[in-house]
Amino acid sequence: MPDDKQPAEPERGQAATVEGRYERIKAAEAARQALLTRPRFSFRTQIFLGFFLAFLFSFGIATSMVITIYLVENKMKFLEIASEYVTEIQQARRFEKNYFLYGTNLQDALEQVYLAKTILEKNSDELLRVAGDKRDSMIIPHLQRYEELLKRLAALESEPDSPRLNQKKKEIEMEVRQHGQEMVSFAQDVMTKEKESMARMVARSRNIHVLSFAVASIFMVYIAYFLGSSLLGTVNRFQGYAQRIAAGDFTPITPIRRFRDEFTELAITINQMLQELEAHEATLVQSHKMRAVGTLTAGVAHELNNPLNNITLTAHALLEDYREMNDDDRREMLGDLVNEAGRAQSIIKNLLDFARESGAQVEPLDLVALLKDTTHLAANQIKLSGIKMEFSATDNLPRVHGDAQQLQQVFLNLILNAMDASPKGGKIQVLVVPADEPNFVAVKIIDFGSGIPEHILGSIFDPFFTTKTKGKGTGLGLSVSQGIVAKHGGRIMVSSREGQGSTFSVVLPITTLPARIGGNMPRSGALS
Amino acid sequence: MSVIAISAWSHCHGEEIARRVARKLNFRSLGPELLGEVADRWQLPLPKLVAALGKQQTLLGVTPRERRRLLAYLEAAVLEKLAQDKVVTWGLGAHFYVMGVSHVLKVRLVLDWEARVRAMMEEGGMNEAAAAKALKKEDEARARMAHEIYRKQEDDPTLYDLTINLMQIDIEQAVEIVAEAVQHKRFKPMTFSRKLMKDQVLATQVKAELFSRHPDAQVSADGGQVLVTVPAVRRDQEKKISAVRDLARKVKGVASLKVEVVNDFLEEAAESMR
Amino acid sequence: MSDTLEVLVLDDEPIVGKRLKPALAKVGCAVEVFDSPAAALARIAEKEFDVVVTDIRMDEIDGMQVLEAVNRKSLRTKVIMITGYAMMSLAREAMEKGAFDFIAKPFTPEDLREVIGRAAQALRSPAEPPSALAG
Numbered sequence: 001m002p003d004d005k006q007p008a009e010p011e012r013g014q015a016a017t018v019e020g021r022y023e024r025i026k027a028a029e030a031a032r033q034a035l036l037t038r039p040r041f042s043f044r045t046q047i048f049l050g051f052f053l054a055f056l057f058s059f060g061i062a063t064s065m066v067i068t069i070y071l072v073e074n075k076m077k078f079l080e081i082a083s084e085y086v087t088e089i090q091q092a093r094r095f096e097k098n099y100f101l102y103g104t105n106l107q108d109a110l111e112q113v114y115l116a117k118t119i120l121e122k123n124s125d126e127l128l129r130v131a132g133d134k135r136d137s138m139i140i141p142h143l144q145r146y147e148e149l150l151k152r153l154a155a156l157e158s159e160p161d162s163p164r165l166n167q168k169k170k171e172i173e174m175e176v177r178q179h180g181q182e183m184v185s186f187a188q189d190v191m192t193k194e195k196e197s198m199a200r201m202v203a204r205s206r207n208i209h210v211l212s213f214a215v216a217s218i219f220m221v222y223i224a225y226f227l228g229s230s231l232l233g234t235v236n237r238f239q240g241y242a243q244r245i246a247a248g249d250f251t252p253i254t255p256i257r258r259f260r261d262e263f264t265e266l267a268i269t270i271n272q273m274l275q276e277l278e279a280h281e282a283t284l285v286q287s288h289k290m291r292a293v294g295t296l297t298a299g300v301a302h303e304l305n306n307p308l309n310n311i312t313l314t315a316h317a318l319l320e321d322y323r324e325m326n327d328d329d330r331r332e333m334l335g336d337l338v339n340e341a342g343r344a345q346s347i348i349k350n351l352l353d354f355a356r357e358s359g360a361q362v363e364p365l366d367l368v369a370l371l372k373d374t375t376h377l378a379a380n381q382i383k384l385s386g387i388k389m390e391f392s393a394t395d396n397l398p399r400v401h402g403d404a405q406q407l408q409q410v411f412l413n414l415i416l417n418a419m420d421a422s423p424k425g426g427k428i429q430v431l432v433v434p435a436d437e438p439n440f441v442a443v444k445i446i447d448f449g450s451g452i453p454e455h456i457l458g459s460i461f462d463p464f465f466t467t468k469t470k471g472k473g474t475g476l477g478l479s480v481s482q483g484i485v486a487k488h489g490g491r492i493m494v495s496s497r498e499g500q501g502s503t504f505s506v507v508l509p510i511t512t513l514p515a516r517i518g519g520n521m522p523r524s525g526a527l528s
Numbered sequence: 001m002s003v004i005a006i007s008a009w010s011h012c013h014g015e016e017i018a019r020r021v022a023r024k025l026n027f028r029s030l031g032p033e034l035l036g037e038v039a040d041r042w043q044l045p046l047p048k049l050v051a052a053l054g055k056q057q058t059l060l061g062v063t064p065r066e067r068r069r070l071l072a073y074l075e076a077a078v079l080e081k082l083a084q085d086k087v088v089t090w091g092l093g094a095h096f097y098v099m100g101v102s103h104v105l106k107v108r109l110v111l112d113w114e115a116r117v118r119a120m121m122e123e124g125g126m127n128e129a130a131a132a133k134a135l136k137k138e139d140e141a142r143a144r145m146a147h148e149i150y151r152k153q154e155d156d157p158t159l160y161d162l163t164i165n166l167m168q169i170d171i172e173q174a175v176e177i178v179a180e181a182v183q184h185k186r187f188k189p190m191t192f193s194r195k196l197m198k199d200q201v202l203a204t205q206v207k208a209e210l211f212s213r214h215p216d217a218q219v220s221a222d223g224g225q226v227l228v229t230v231p232a233v234r235r236d237q238e239k240k241i242s243a244v245r246d247l248a249r250k251v252k253g254v255a256s257l258k259v260e261v262v263n264d265f266l267e268e269a270a271e272s273m274r
Numbered sequence: 001m002s003d004t005l006e007v008l009v010l011d012d013e014p015i016v017g018k019r020l021k022p023a024l025a026k027v028g029c030a031v032e033v034f035d036s037p038a039a040a041l042a043r044i045a046e047k048e049f050d051v052v053v054t055d056i057r058m059d060e061i062d063g064m065q066v067l068e069a070v071n072r073k074s075l076r077t078k079v080i081m082i083t084g085y086a087m088m089s090l091a092r093e094a095m096e097k098g099a100f101d102f103i104a105k106p107f108t109p110e111d112l113r114e115v116i117g118r119a120a121q122a123l124r125s126p127a128e129p130p131s132a133l134a135g
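Heads up: the sequence lines are chains A, B and C, in that order.
Residue numbering for the first sequence follows this note's numbering, beginning at 1 and increasing consecutively.
Residue numbering for the second sequence follows this note's numbering, beginning at 1 and increasing consecutively.
Residue numbering for the third sequence follows this note's numbering, beginning at 1 and increasing consecutively.
These are computed hints drawn from the structure, not numbers from a lab.
For glycine and all other residues, C-beta sits at the position ideal for the given N, C-alpha and C.
Treat the hints with care, since some could be wrong.
Pairwise CB distance ranges (calculated) [what the hints assert, rightly or not]:
no.: 1; chain 1: A; residue 1: Leu352; chain 2: C; residue 2: Thr4; range: 46 to 54 Å
no.: 2; chain 1: A; residue 1: Pro423; chain 2: C; residue 2: Ser74; range: 31 to 39 Å
no.: 3; chain 1: A; residue 1: Gly294; chain 2: B; residue 2: Arg234; range: 28 to 36 Å
no.: 4; chain 1: B; residue 1: Met99; chain 2: C; residue 2: Glu6; range: 34 to 42 Å
no.: 5; chain 1: A; residue 1: Asp321; chain 2: C; residue 2: Asp3; range: 15 to 23 Å
no.: 6; chain 1: A; residue 1: Ser287; chain 2: C; residue 2: Ala30; range: 54 to 62 Å
no.: 7; chain 1: A; residue 1: Glu276; chain 2: B; residue 2: Glu238; range: 39 to 47 Å
Here are some, though not all, of the chain A residues that point toward chain C, as calculated from beta-carbon distances under 8 Å [to be verified]:
no.: 8; residue: Asn306
no.: 9; residue: Asp321
no.: 10; residue: Gln482
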């Protein structure tokens, strides 16, 4: 019966992962706090405020227009009254003149004065406003005096036989004319003043309108620009985030502006999504690694049989012939047992080390040593499939900056792929050389298998693309590998010719420019 | 000598070819008649045993657990017979549990749907629609069984050494081909394959012995050394180990026994809820 | 036929030869041990052995090639394959190529003695199939 026991997970690896995950959660929480502690000034408020200000402004303009119109209306009314008054006065003066020249009835003139007086009384308030204290000091006294003089004239007229009538008439006439003159000139003066004031008011109102229109336009343009740029700017910023995330940088979004708004919630949601994504990516990478481990297990299980066989044979030999042996023989056999047990352990250890889930540990790496380890890891599998592996490396290559386990996973994946592509008895070449571009190192894994048809060459890095039969491959190997290499600031290239084999090159930057994993890595554009 | 395991859907001449190959090679034929023996030996209900193989459903059907139990006994009985060599087995699902044994020639017989329906009509005296329906139901039940117990697709040709299309090759010739194929040296038993078979026999026997009390036990054997892995709640582990020991020791051929207990998280969780 | 069985043991794991030599000598075998396939092939070319025990997975030359070389030299010689990489396809391939038996590692000296006993019996009576165990 098959025994489906899972191997126990190494604790150290788990602890490291838990720590790594904790770090990430802490970073995300810090970002969340920073995003949330800002005062809230949402776009809704901004838009509302903008419209409210625009409304206030137009309301002000409208109010000022209404007031101006009201004032102009008043002025016009007053001018009407003033002109009526002037007409009455002029009428009175005409009668007065007729009286003096032709001795006509004075009663008519008095009537006019009386009318003028009523007009004055009716509008005394307005008159006060326009003429100020001149109303009481000039206009009204003049009018009263005039009326009084006319009345006196009328009284004189009713006593035709009074002495010095003509002389008295002459005196009064002088005074009447003077007052009449002043009254008219004063009224005309007021009218002119009022007309001027009205003209000024109309002009001012026109200016105000033109100005407020200009100001309103500027204000509108400003509001549109302000809202638009802050909205669009934020949208652009998030587009940048999206590009950054797509390129594999999962650092949380941190606040840039002083206020919180609707995008804050979006940022928080994206940060949550990033956490999930990162967790999923880690799971994907890990599960893919476990698939590779599964493939290697068969080789390891078989390879393990050799030391086990040596142990079995030696132990049985000891059991059978213990008595006949001398101490040296026994010691030699026990030594063999110890050695072979150690060998068995080392066979498993490599694989277990590789299988262990570990947090990302970025350090300067010697690619040649790493590749040697990797080929060692795959050695049993290679032996099992009867394929030869050739390894060669340029001496003294500079180190690269990266996560040994993850890069090992990439190389192992490429080597296992190359094995799958190779015919029985074929060979695989692994080269570690300086890349064509300066400051990069290349690892080339070359097989002489069937090659990749040109029409699918473009899609081999796509997720879920596989040429292997169902159940053999997930189609994620190269996709995951490319993700890992991209995080290291490098890339994977492939050249292949059908029937002649394929070359996969992993190009990685050397340590002179330390690339922080998952941080500010060079964009692919800089490399391609 | 070798063993031949013949696999086919029903009404594909499986029985006829198996019997004729057995006669020709002077092998024993091991077919569903063994089920009666198995039922007697462990006091199992025969109809349920038949149903467990995905043939002739009983009214109430078989629960997955019951099926595993019945098949554990059946496997033990069949493997015991197969270990004696010179056997042609058919109709017992043996091809599923001798997959890795090199001296078992695994043959799949293929016949097209119409021919099977006709055979079913003749046998059951039913009309075409009824025959097709019954046949379809049976195929589905067997496919379910194969997936449920062995995680295999029974008609996957890569499971077999030889697939014979009976639409193109007549029964006579199919018998000859199978009888000839098994003579090839590659199907000869050897220490490696015999050991696998023996281990398999021992493991299934222990499993059958344990099943009524410890249905979740996983058993593997390697040259008389038996490893039983059984889930148990932590505080019951000692008890469980000795219970398994007492049962497993009864099986003949167990040279050494190792019982491993894995924590029964589900049961522990269930208990803590109570 | 003499009672001593001429046996060649080839395994690139030196411990295998070291342990098997005395284990087989006990039951009356004259054992020659090699851990290099090339040297073993050279010896096989010189001498007809009764039994050849060979590992399969070795660098340079693999056990199947040794099996073929032995068969070319003498069809009488029984070849026993031992391997840590035991798989159904490999086992069948070995048998098809005329191996007498195929044993998966790890095995005990007694296991091998049993098989060699059967080989000896088969050598004595080539017509009969080897069934009973001798040792």
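Tested hints:
no. : hint                            : verdict
1   : A/Leu352 - C/Thr4: 46 to 54 Å   : holds (47 Å)
2   : A/Pro423 - C/Ser74: 31 to 39 Å  : holds (33 Å)
3   : A/Gly294 - B/Arg234: 28 to 36 Å : holds (30 Å)
4   : B/Met99 - C/Glu6: 34 to 42 Å    : holds (38 Å)
5   : A/Asp321 - C/Asp3: 15 to 23 Å   : holds (22 Å)
6   : A/Ser287 - C/Ala30: 54 to 62 Å  : holds (56 Å)
7   : A/Glu276 - B/Glu238: 39 to 47 Å : holds (44 Å)
8   : Asn306                          : holds (5 Å)
9   : Asp321                          : holds (7 Å)
10  : Gln482                          : violated (33 Å)
Checked against the numbered hints above, the structure breaks only hint 10 and satisfies the rest.
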